[in-house]
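Asks: With the hints as your guide, set chain X onto chain G.
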Amino acid sequence: MFADWPILSLTIWLPIIGGFLVLASGDKAAGATRWTALAIAVLTFIVSLPLYSSFDPSTAQMQFVERLPWIPLFHIEYYLGVDGISMPLIILTTFITVFVIIAGWEVIQYKPSHYMAAFLIMEGVMVGVFSALDAMLFYVFWEAMLIPMFLIIGVWGGPNRVYATIKFFLYTFFGSVFMLVALIYMYFQSGSFDILGFHGLKLGLSEQILIFIAFLMAFAVKVPMWPVHTWLPDAHVEAPTGGSVILAAIMLKIGGYGFLRFSLPITPDASSSLDWLIITMSLVAVVYIGFVALVQQDMKKLIAYSSIAHMGFVTLGFFIAFMILANPDATSGAVLGIEGGMVQMVSHGFISAAMFLCVGVLYDRLHSREISDYGGVIHTMPIFGGFMVFFAMANAGLPGTSGFVGEFMVILASFRADFWFAVLAATTLIIGAAYTLWMVKRVVFGKVGNEGVAALQDINNREFLVLGSLALAVLILGVWPAPLVEVMDVSIEHLLKHIAVSKL
Amino acid sequence: METIYLLIVLAPLLGAIVAGLFGGRIGRGASHWVTSSGVGLSALLSLYVLFGFVTGGLEVFNGAVYTWMVSDGLRMEIGFLVDQLTAVMLVVVTFVSFCVHIYTIGYMAHDEENWPGESLAGSNSYQRFFAYISLFTFSMLMLVMSNNFMQLFFGWEAVGLVSYLLIGFWSVRETAIFANLKAFLVNRVGDFGFILGIGAVAMYFGSIDYAEVFARAPELANTQINVWGDESWSLMTLICVLLFIGAMGKSAQVPLHVWLPDSMEGPTPISALIHAATMVTAGVFMVARMSPLYELSETALTFVLVIGATTALFTGLIGIVQNDIKRVVAYSTLSQLGYMMVALGVSAYAAGIFHLMTHAFFKALLFLAAGSVIIGMHHDQDIRNMGGIKKYMPVTYWTSLLGSLALIGFPGFSGFFSKDAIIEAVHFSTIAGSGYAYFAVLAGVFITALYSFRMFFLVFHGTGPRDEHAKAHLHESPKVVTVPLVLLAIPSVLIGFFTMEGMLFGEWFRDVLFVLPQHDTLARLGEGVHGPVSMVAHGFAGFALYFAAAGVFAAWYIYMKRPEIAERIKSRFGIVHRILDKKYFFDELYQALFAGGSRGIGKLLWSLGDRILIDGLIINGSAKAVGVVAGWARNIQTGMLYHYAIAMILGLLLLLTWFVI
Chain G
1 MFADWPILSL
11 TIWLPIIGGF
21 LVLASGDKAA
31 GATRWTALAI
41 AVLTFIVSLP
51 LYSSFDPSTA
61 QMQFVERLPW
71 IPLFHIEYYL
81 GVDGISMPLI
91 ILTTFITVFV
101 IIAGWEVIQY
111 KPSHYMAAFL
121 IMEGVMVGVF
131 SALDAMLFYV
141 FWEAMLIPMF
151 LIIGVWGGPN
161 RVYATIKFFL
171 YTFFGSVFML
181 VALIYMYFQS
191 GSFDILGFHG
201 LKLGLSEQIL
211 IFIAFLMAFA
221 VKVPMWPVHT
231 WLPDAHVEAP
241 TGGSVILAAI
251 MLKIGGYGFL
261 RFSLPITPDA
271 SSSLDWLIIT
281 MSLVAVVYIG
291 FVALVQQDMK
301 KLIAYSSIAH
311 MGFVTLGFFI
321 AFMILANPDA
331 TSGAVLGIEG
341 GMVQMVSHGF
351 ISAAMFLCVG
361 VLYDRLHSRE
371 ISDYGGVIHT
381 MPIFGGFMVF
391 FAMANAGLPG
401 TSGFVGEFMV
411 ILASFRADFW
421 FAVLAATTLI
431 IGAAYTLWMV
441 KRVVFGKVGN
451 EGVAALQDIN
461 NREFLVLGSL
471 ALAVLILGVW
481 PAPLVEVMDV
491 SIEHLLKHIA
501 VSKL
Chain X
1 METIYLLIVL
11 APLLGAIVAG
21 LFGGRIGRGA
31 SHWVTSSGVG
41 LSALLSLYVL
51 FGFVTGGLEV
61 FNGAVYTWMV
71 SDGLRMEIGF
81 LVDQLTAVML
91 VVVTFVSFCV
101 HIYTIGYMAH
111 DEENWPGESL
121 AGSNSYQRFF
131 AYISLFTFSM
141 LMLVMSNNFM
151 QLFFGWEAVG
161 LVSYLLIGFW
171 SVRETAIFAN
181 LKAFLVNRVG
191 DFGFILGIGA
201 VAMYFGSIDY
211 AEVFARAPEL
221 ANTQINVWGD
231 ESWSLMTLIC
241 VLLFIGAMGK
251 SAQVPLHVWL
261 PDSMEGPTPI
271 SALIHAATMV
281 TAGVFMVARM
291 SPLYELSETA
301 LTFVLVIGAT
311 TALFTGLIGI
321 VQNDIKRVVA
331 YSTLSQLGYM
341 MVALGVSAYA
351 AGIFHLMTHA
361 FFKALLFLAA
371 GSVIIGMHHD
381 QDIRNMGGIK
391 KYMPVTYWTS
401 LLGSLALIGF
411 PGFSGFFSKD
421 AIIEAVHFST
431 IAGSGYAYFA
441 VLAGVFITAL
451 YSFRMFFLVF
461 HGTGPRDEHA
471 KAHLHESPKV
481 VTVPLVLLAI
491 PSVLIGFFTM
501 EGMLFGEWFR
511 DVLFVLPQHD
521 TLARLGEGVH
531 GPVSMVAHGF
541 AGFALYFAAA
551 GVFAAWYIYM
561 KRPEIAERIK
571 SRFGIVHRIL
581 DKKYFFDELY
591 QALFAGGSRG
601 IGKLLWSLGD
611 RILIDGLIIN
621 GSAKAVGVVA
631 GWARNIQTGM
641 LYHYAIAMIL
651 GLLLLLTWFV
661 I
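One line per chain: the protein sequences are G and X, in this order. FYI, full-length UniProt numbering numbers position 107 of the first sequence as 107, with every residue one higher than the one before it. FYI, full-length UniProt numbering numbers position 400 of the second sequence as 400, with every residue one higher than the one before it.
Just chain G, with the same shape it has in the complex:
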């Protein structure tokens, strides 16, 4: 029944326009501003739900398509649509934003209207990135995303925010310039910016490799992949809690999404011939970054590094597909790897959001992120401690939580590519548990560390609502991931069929 409605446009523009309204309303009636922002976020989430409920999982065709000319001179269109790959990420975006708004409720006292507006606008722009089917439209949303995030870190960030924002901006901007060149090149080849048209574009191997590398620069920075990851810990440390949540839960996913929407289908032969590069980078991320996370003293840095290691599973899952296709012993498994990567993205959205929110809860009270400033939090905040242990276990990939699902699928799939890939990937079972639970041991358990901890108040209803909802999401996805896998199944199979055919 919703198939004819412009749901995607609504999901994009409702929060953006709403964001500007919130901005215009100012900070005089901060309470009303917050409620308005929340109402807009909840409404956006509700509006986005038909994307799931009315989604037809039996087809790989784009659904909820909207197509209007935008700049006819250059054949640029306002062209939106979703398939099983982008739809879950859009729902993730609208879901997480609601909790970011709630999490910033009374914590943000400085210009709350600007803060709320930035996140709402951010939401619309990110949905735009996931639903754009015109490359130029995609690029506009892609770059537009930087501005609110830049402001969020720059205005509400920590003491070293200028360095962090500049680093963040330069890193990501550096990456996207090359992508723009590649997009324009393909425009000249195909005569339009239609992304699906790019998929069918015949390209020679050297062209493909150049385009692949241009995309890689953009997406690897976003994911982020080792060795272009160092902006992320700095950005997280300086960002306010909400900024970290959006950054980890959704912005990183845009890099992973880019690989599936652009790199794999547009340059399948280059992807195939350079798969060793991405696999190496991914495995280094899993192992190297895991060790680095172990020695972090700052909770946010630790979780940031943990994010990089977890995103390593995403790119690993995507690119082992090529090795599995080439392996005569493995009859199947390529779909498993890519779906595993997708599930890992959604799951990481919930878990990393929750972990950063947990740190935020502590930071709001004691204004420190140092692990050594805590200890024995469970004695004064038992409910919070329970949540933190739960999310830590999810982060360590415990079965029954969503953190297990993606890792399990990717490990099973990488076994089919090469035994040793699976061995390296599976080390996360040990290292991931080590850094997460060691932090939990020092923060949550033990004797009450100091007077600050002794005076802590347990989480209030607002915080309970946020953490509880995320805990439910983590649990449901862990116990029953089938609904998520089903919606993406056909699209990913279609993608795989497409990339299995050489363009040469």
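Since the hints were derived computationally from the structure, they do not count as laboratory data. One should not assume that every hint holds.
Examples of chain G residues toward chain X, derived with CB under 10 Å [as the list claims (entries may be wrong)]:
hint: 1; residue: A60
hint: 2; residue: M62
hint: 3; residue: L336
hint: 4; residue: V448
hint: 5; residue: P483
Covered stretches of chain X (chain G as the covering partner; in silico rule of three or more C-beta atoms under 8 Å from a C-beta of chain G) [to be verified]:
hint: 6; region: 57-68
hint: 7; region: 71-79
hint: 8; region: 166-172
hint: 9; region: 190-204
hint: 10; region: 597-611
Listed below are the simulated DSS-like cross-link pairs for lysine-lysine, each with C-alpha atoms no more than 30 Å apart in a straight line [to be verified]:
hint: 11; chain 1: X; residue 1: K479; chain 2: X; residue 2: K390
hint: 12; chain 1: X; residue 1: K391; chain 2: X; residue 2: K471
hint: 13; chain 1: G; residue 1: K447; chain 2: X; residue 2: K582
hint: 14; chain 1: X; residue 1: K603; chain 2: G; residue 2: K447
hint: 15; chain 1: G; residue 1: K503; chain 2: G; residue 2: K202
hint: 16; chain 1: G; residue 1: K447; chain 2: X; residue 2: K624
Even for Gly, the Cβ is constructed at its ideal location relative to N, Cα and C.
Replies: Only chain X this time, still in chain G's reference frame:
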């Protein structure tokens, strides 16, 4: 029937949820009622299932509950496989768990004393404890009832989680939260192998369902795969060894045994339930369940055998020098787990499971009795401070005696049948390593008797506690503590006598545990044994019984009759004592190598890789380079028109040349 199976697992889960989430509101009494009755219901239904199989009224059930996901043709389900093996495990788990629930009402009654006064976590620790042990029961049941590898892994990790939570239950104690992290990480090392094993199964069998995998196993028996260069490995060996690494973690086999002694930091009821009777035997259960795979790889069987024999012998030796009452029992558990692994290694799967069952009863009994002593001694666990407790705690004394006799294999007691079956099976075995294993299990009998009765004599006999204050307060524990002891003492003594015929030599496991004819050591033993009485008679003809008697005598002579001998041995063999006291230095080695090593690697990668190379050299370096170039470029911007004009002309020329060429 499916409803009953669902009830068996869901009743404890429901109890755990109610007590865990609402324990603070419903109070202590309601919490222990809801959890105990949930587990009690499970226990009754499990007995019903067991009797169904005994009378032949029940068929093997194998079915899915729901589909977890289907990806790439790989169907992953949550489902149950209930056969004779499962039925035995169900009864063992739920019965011991039920006893432990009752016992906990007494043991944890004054738990608030273990927490700092202002701790909010301490205010409802009693309810939380019940939630955890019920959650554990649920997880363990999911593990044993699973019909596929994924759910097995679910249960596998879930019991690990609850074990983690319970070892660190008294989270104010630094030793407890060190021990639980250690336990979790060591187990994760095992799980690392386990998940790779599942990966291999999924890849080569195209399924993770037990029935499908076992059915296809024979045709893949001779498959060779290239793992490293051109060297080819047998697929079955790879799968079985990888899966067994998981079992080594969970069942604490050398060299992954280091977490189990430290797990004694947890409250005693869970030492009995998790770290003696059920969770640590999951590895044994798993290997027995996978017998259709293990039978196809003699290399893997030898691996299991050697690891098990080493564990049985060397951890038992450590038990002799321990002075903490719980640690003695813990090392005894390690050693007995080694016995079970030995049984699996010689393809006597039934004997392994049989020993698992008898051990669950008498070891849970010994732990709970130790806990009862600990209550009496006001949480002093050092056996050197005890003595003469017999007259103060008669029920504890007599049940401990029965448990200890069962453990050392006193003729007719349950432990006798299970242990003797293992020893004889090893004797009949011809696979590589069986000679070493035979020596290890025989020597182990003497050692078991020695450490068991050393502890028994030191605790219950001799002169009373040195501390007069402790002596004045010594009295028998309340009924909620002693009744479970009696409940467990009954099967510890009797169950072997009544079930050995069926479980070891009879029909019971025939269709469940797969044994190749050339490996069938139990069948060879069965040729000479007809019924329990004949088995006892057979025992008198072997060595083991006399070794056990010698052990008891040695314990009595060294520690009771002539205590100075113990001191003299200790000083004479100082090095040996030190090695045993330090547990062969495993902890020190691991601490330095793995804990220290990974922190070192982490620091190195972080400071050298991330901060100096990437950030320092490339990122900030390129920023600096931009600065330098910009500074240089600034000089070009002179602001004079003719400079710019020349630059443009030169540029145009360059471009033109480029296009022309």
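Asks: Against each hint, give a clear statement of whether it holds in the structure.
Replies: To see whether the hints hold, each was checked on the structure:
1. A60: This hint is violated: A60 (chain G) lies away from chain X, its Cβ roughly 16 Å from the closest one there, beyond 10 Å.
2. M62: violated (22 Å)
3. L336: It holds, given that the least Cβ distance between L336 (chain G) and chain X is near 4 Å, below 10 Å.
4. V448: holds (7 Å)
5. P483: Check passed: Cβ of P483 (chain G) comes within 9 Å of chain X, closer than 10 Å.
6. 57-68: Held - the region 57-68 of chain X has 3 residues with a Cβ nearer than 8 Å to chain G, which meets the minimum of three.
7. 71-79: holds (count 4)
8. 166-172: Coverage by chain G holds for the region 166-172 of chain X (3 residues, Cβ < 8 Å).
9. 190-204: holds (count 9)
10. 597-611: That given contact holds, which follows from 9 residues of the region 597-611 of chain X lying within Cβ reach (below 8 Å) of chain G.
11. X:K479 x X:K390: holds (17 Å)
12. X:K391 x X:K471: holds (11 Å)
13. G:K447 x X:K582: Holds: K447 (chain G) and K582 (chain X) sit about 28 Å apart, inside 30 Å.
14. X:K603 x G:K447: holds (27 Å)
15. G:K503 x G:K202: Cα-Cα ~6 Å, so holds.
16. G:K447 x X:K624: Roughly 47 Å separates the two Cα atoms, so the pair is violated.
Hints 1, 2 and 16, counting from the list given before, are not met by this structure.
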